[in-house]
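Next come the chains, spelled out residue by residue.
There are 2 protein chains.
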Amino acid sequence: MGEFELLALLRERLPAAGGQVRVGSGDDAAISVPAGATATSVDALVEGVHFRRETASLRQIGRKAISTALSDLAAMGAAPGEAYVALGAPGELGEAELLEVAEGLAAVARETGTTIAGGDLTAAPALTLAVTVVGHAPRPEDFVTRAGARPGDILVVTGELGAAAAGLLLLEDREVPGDDALRARQLDPTPRLAAGQALAAAGATAMIDVSDGLAGDADHIATASRALLLIDAEALPIAPGVAAVATAAGRDPLELAASGGEDYELFAALPPDAVDAARQTLAQLGTPLTAIGKVEAVEGARPGAEIRRRGGGAVRSRGFDHRRPRGPR
Amino acid sequence: MGEFELLALLRERLPAAGGQVRVGSGDDAAISVPAGATATSVDALVEGVHFRRETASLRQIGRKAISTALSDLAAMGAAPGEAYVALGAPGELGEAELLEVAEGLAAVARETGTTIAGGDLTAAPALTLAVTVVGHAPRPEDFVTRAGARPGDILVVTGELGAAAAGLLLLEDREVPGDDALRARQLDPTPRLAAGQALAAAGATAMIDVSDGLAGDADHIATASRALLLIDAEALPIAPGVAAVATAAGRDPLELAASGGEDYELFAALPPDAVDAARQTLAQLGTPLTAIGKVEAVEGARPGAEIRRRGGGAVRSRGFDHRRPRGPR
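Chains as they are written, first to last, in the numbering used here: chain A, 15 to 343; chain B, 15 to 343.
Derived by calculation from the structure, the hints in this document are not laboratory data. Check each hint, because a few of them may be wrong.
[As the list claims (entries may be wrong)] Stretch by stretch, here's where chain B covers chain A in the computed footprint (C-beta under 8 Å, at least three residues): (1) 199-207; (2) 300-306.
[Unchecked claim] Just a few of them, taken from the derived set where beta-carbon distance is under 8 Å, the chain B residues facing chain A: (3) A43; (4) A138; (5) P139; (6) T159; (7) L201.
[Claimed, not checked] Looking from chain B toward chain A, a few residues come up when the C-beta cut is under 10 Å (computed): (8) G62; (9) M90; (10) T146; (11) G149.
It should be emphasised that the depicted structure is a prediction, and the values quoted were computed from it without experimental measurement. We put the CB at the ideal spot given by N, CA and C, even for glycine.
With the hints as extra help, turn the sequences into a complete structure.
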């Protein structure tokens with residue numbers, strides 16, 4: 015089977031093109047007519063760096079690649095639009111295996127209303143998925159960047175933290191006991207697209223998805239907004255089961271929640287009078303929203319974020335850098 | 015040096031954001047306000063598959079990755095807009111080497127008026143560049159797809175063919191004599207962006223860039239347009255020096271021109287009364303335009319393209335599939 019026949023089979027797996035796409039996959043480029051402003055981001059997953067085929071199914075790998083890219087759109091408050099997938103496939107993966115990857119991509123596209131409008135298939139030494147996503151909003155100022163947090167804003171986070179890091183510990187060390195829900199949070203994260211749009215509509219002044227770890231991601235907002243972000247460690251919504259896994263692995267549960275990363279929850283700054291309404295709106299989506307800190311003026315200090323324990327001292331941040339190679343190589 | 019510091023250094027290499035980009039690289043996503051319709055394409059280059067570091071400099075690899083992606087926009091008649099780069103870097107490449115890649119990307123961005131508006135940097139077992147490009151036109155119907163070729167249309171090609179394939183022969187076999195201009199056509203192709211926009215304005219009914227080889231690319235237009243494409247082998251504009259390299263390597267020059275691929279010239283169908291004006295407009299851009307065939311009705315036959323010798327018989331197409339692994343692996 016040649017490249018073009020396989021591409022045709024892959025295209026059959028995709029949902030029909032959405033309203034803004036006039037010409038989808040199969041020409042030199044996809045043609046779209048954006049209704050207003052666009053938010054565009056690219057995210058790549060590489061075998062042996064971001065996942066291992068020993069612990070993740072091909073379908074899960076396809077799902078995670080598009081979900082993590084879409085999470086960046088969630089963090090802008092964008093409505094998901096189109097995705098473009100560059101798939102690098104090692105020679106040992108046959109047609110059936112590549113179709114499993116495609117089905118994972120297509121399933122998330124269907125679930126989120128995203129059109130996979132284009133792609134590229136090439137040989138590669140390791141399974142590689144680079145996914146570019148385009149989201150939409152009526153006006154550019156409707157998107158929420160990292161740069162608008164103001165002194166007095168309340169810091170909030172969706173859902174629960176630490177589950178993806180605990181899931182990774184379970185996947186990497188079979189001696190540690192823990193349940194499948196935590197593994198699923200590592201293997202198959204959910205982009206918080208509806209919550210992101212709701213937080214944008216509620217007046218979020220800055221927003222980011224928790225991919226590198228709350229401590230690092232809060233630091234990005236602090237730097238871009240030139241502000242101090244003070245986070246209350248005891249207020250962090252730690253996912254059920256994380257404490258047990260952390261204890262079994264000799265780790266601090268707060269550390270997993272604060273710097274584990276890959277939870278793909280949204281961390282945002284909201285004006286104080288917007289928090290209650292935002293919490294109610296997100297509750298209707300089934301997504302908890304927790305206030306975990308506040309924004310303060312820099313006043314001569316360096317912009318930055320700190321996660322403080324009430325007893326004093328910051329949570330120690332031990333790197334879980336998911337961009338560095340780990341696993342079998 | 016961490017990922018974020020390196021990203022900041024890479025961003026310094028980039029030209030300033032263009033008019034449609036409101037927020038460029040550095041947030042969760044770039045924000046843009048397209049003026050009309052967009053054309054979007056993704057193209058990936060992988061070390062050991064599309065290039066070898068023994069024969070291409072890091073700067074050339076950066077240049078080629080964005081140039082080949084932009085070539086797809088040229089084939090739509092799009093004005094170049096934004097590029098998003100997913101860069102996978104093996105551990106042995108240090109900061110200085112990655113900056114060389116970035117400088118190659120930035121140089122082509124500057125030359126073509128493209129804004130590199132976002133990216134992702136990750137570890138990878140082989141140097142990998144997946145580049146997503148977005149081009150613009152006032153209306154979706156201003157773009158030229160592969161699907162509009164009509165019986166009676168004249169088939170034209172820009173520039174010269176066979177140079178990239180001859181250049182590859184020179185790079186892969188040092189015994190074959192030939193000049194650096196041919197190697198440069200393989201290592202550093204030029205996207206025909208101005209020519210593509212001119213052909214679109216001249217009324218091109220279908221267009222594609224010659225990346226897989228003229229025979230295969232003509233077949234894509236034939237299939238999408240449900241037409242027969244008859245191409246005169248002796249009319250092909252073969253680049254200077256190709257005949258000598260082909261002879262030295264025991265190859266047919268016509269075969270290199272017809273199926274070598276990677277010339278990144280544009281192949282288009284034009285209404286007969288549009289050809290002269292298109293040729294004159296392209297001459298002002300310094301780009302030759304050669305009529306090489308015509309479009310005929312299918313009339314019950316299968317859609318397809320054929321490159322015919324005047325003496326009879328089709329040019330044999332021996333695969334130069336640049337997507338299959340070649341080189342040292």
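Evaluation of the provided hints:
no.	hint	in the structure
1	199-207	violated (count 0)
2	300-306	violated (count 0)
3	A43	holds (4 Å)
4	A138	holds (5 Å)
5	P139	holds (5 Å)
6	T159	holds (5 Å)
7	L201	violated (18 Å)
8	G62	holds (7 Å)
9	M90	holds (5 Å)
10	T146	holds (4 Å)
11	G149	holds (7 Å)
In summary, the structure is inconsistent with hints 1, 2 and 7 from the numbered list given earlier, while agreeing with the others.
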